[in-house]
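J.: The primary structure of each chain is shown beneath.
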Amino acid sequence: QKEVEQDPGPLSVPEGAIVSLNCTYSNSAFQYFMWYRQYSRKGPELLMYTYSSGNKEDGRFTAQVDKSSKYISLFIRDSQPSDSATYLCAMTVGSNYKLTFGKGTLLTVNP
Amino acid sequence: EADIYQTPRYLVIGTGKKITLECSQTMGHDKMYWYQQDPGMELHLIHYSYGVNSTEKGDLSSESTVSRIRTEHFPLTLESARPSHTSQYLCASSATGAGDYGYTFGSGTRLTVV
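Heads up: the protein sequence lines correspond to chains A and B, in order.
Residues in the first sequence are numbered consecutively from 1, following the numbering used here.
Residues in the second sequence are numbered consecutively from 1, following the numbering used here.
Worth flagging that the hints you see were computed from the coordinates, not collected in a lab.
Don't take each hint at face value.
[Stated by the list, open to error] Here are some, though not all, of the chain B residues that point toward chain A, as calculated from beta-carbon distances under 7 Å:
1) Glu42
2) Leu90
3) Gly106
4) Ser107
5) Gly108
[Said to hold, decoys possible] In silico DSSO-like links for lysine-lysine, alpha-carbon gap of 27 Å or less:
6) A:Lys42 / B:Lys57
7) A:Lys98 / B:Lys31
8) A:Lys103 / B:Lys31
9) B:Lys31 / A:Lys2
10) A:Lys2 / B:Lys57
11) B:Lys57 / A:Lys103
12) B:Lys17 / A:Lys42
13) B:Lys57 / B:Lys31
14) B:Lys57 / A:Lys98
15) B:Lys17 / B:Lys57
16) A:Lys70 / A:Lys56
17) A:Lys67 / A:Lys2
18) A:Lys103 / A:Lys56
19) A:Lys70 / A:Lys98
20) A:Lys42 / A:Lys2
21) A:Lys42 / A:Lys56
22) B:Lys31 / B:Lys18
23) A:Lys42 / A:Lys98
24) A:Lys70 / A:Lys2
25) A:Lys42 / B:Lys31
26) A:Lys103 / A:Lys2
27) A:Lys103 / A:Lys67
28) A:Lys98 / A:Lys2
29) A:Lys67 / A:Lys98
30) A:Lys42 / B:Lys18
Note that the Cβ used here is the ideal one computed from N, Cα and C, for glycine as well.
Next up, chain A with everything else stripped away, as it sits in the complex (with noise of 0.2 Å):
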């Protein structure tokens, strides 16, 4: 099992839909949970940080921590075409120790 999933989709959704993007793990240990943007031919981006479970809203975009289900989301608001791109959960335990990346999920948003 990998420590960390995350459905690759293709995921294809209309201008103003609201968009979840999903992620789960298996090491209960992560406490520090990123998901980064990554637009075709590009490096990746932090879109949003978060630290333990709770929501944190930046915008348009709400990221969700659950650590009893071991489970994070990342949702988008009104979703625009600009927002489409691919987009990596990941998470790491601490400070010296390394990113541990899902595979990433490739949103469309169709205007």
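With chain A fixed as given, assemble chain B onto it according to the hints.
T.: Showing chain B alone in chain A's frame:
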């Protein structure tokens, strides 16, 4: 704007050639990483460094080598390129400190070996 720079962005080279992919960061990060990513596929860690004169192999076996002589510079070298080395190579860096757990990635080098 990215503070981590990779050159070249694109490289097409013949089999057997020696190549060096450059990666430099201006953030003073002590940790640096090289990932390999094929189109539509996941990131694979091939090398990392936690500081000057420190280098380690990553999770994916690679014929490439790296060096870390200066904090800001982490070049990757292939002594003899082969078509199987065709891929996108991403460099990243991170700091050590409270709250600094994210990586900053470069834009990548897309390597094609013919």
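J.: State for each hint whether it applies.
T.: Okay, the hints, checked on the actual structure:
no., hint, verdict
1, Glu42, "holds (4 Å)"
2, Leu90, "holds (5 Å)"
3, Gly106, "holds (5 Å)"
4, Ser107, "holds (5 Å)"
5, Gly108, "holds (5 Å)"
6, A:Lys42 / B:Lys57, "holds (24 Å)"
7, A:Lys98 / B:Lys31, "holds (10 Å)"
8, A:Lys103 / B:Lys31, "holds (22 Å)"
9, B:Lys31 / A:Lys2, "holds (25 Å)"
10, A:Lys2 / B:Lys57, "holds (20 Å)"
11, B:Lys57 / A:Lys103, "holds (20 Å)"
12, B:Lys17 / A:Lys42, "holds (25 Å)"
13, B:Lys57 / B:Lys31, "holds (14 Å)"
14, B:Lys57 / A:Lys98, "holds (12 Å)"
15, B:Lys17 / B:Lys57, "holds (22 Å)"
16, A:Lys70 / A:Lys56, "holds (17 Å)"
17, A:Lys67 / A:Lys2, "holds (17 Å)"
18, A:Lys103 / A:Lys56, "holds (22 Å)"
19, A:Lys70 / A:Lys98, "holds (19 Å)"
20, A:Lys42 / A:Lys2, "holds (25 Å)"
21, A:Lys42 / A:Lys56, "holds (26 Å)"
22, B:Lys31 / B:Lys18, "holds (26 Å)"
23, A:Lys42 / A:Lys98, "holds (21 Å)"
24, A:Lys70 / A:Lys2, "holds (13 Å)"
25, A:Lys42 / B:Lys31, "holds (21 Å)"
26, A:Lys103 / A:Lys2, "holds (10 Å)"
27, A:Lys103 / A:Lys67, "holds (20 Å)"
28, A:Lys98 / A:Lys2, "holds (15 Å)"
29, A:Lys67 / A:Lys98, "holds (19 Å)"
30, A:Lys42 / B:Lys18, "holds (25 Å)"
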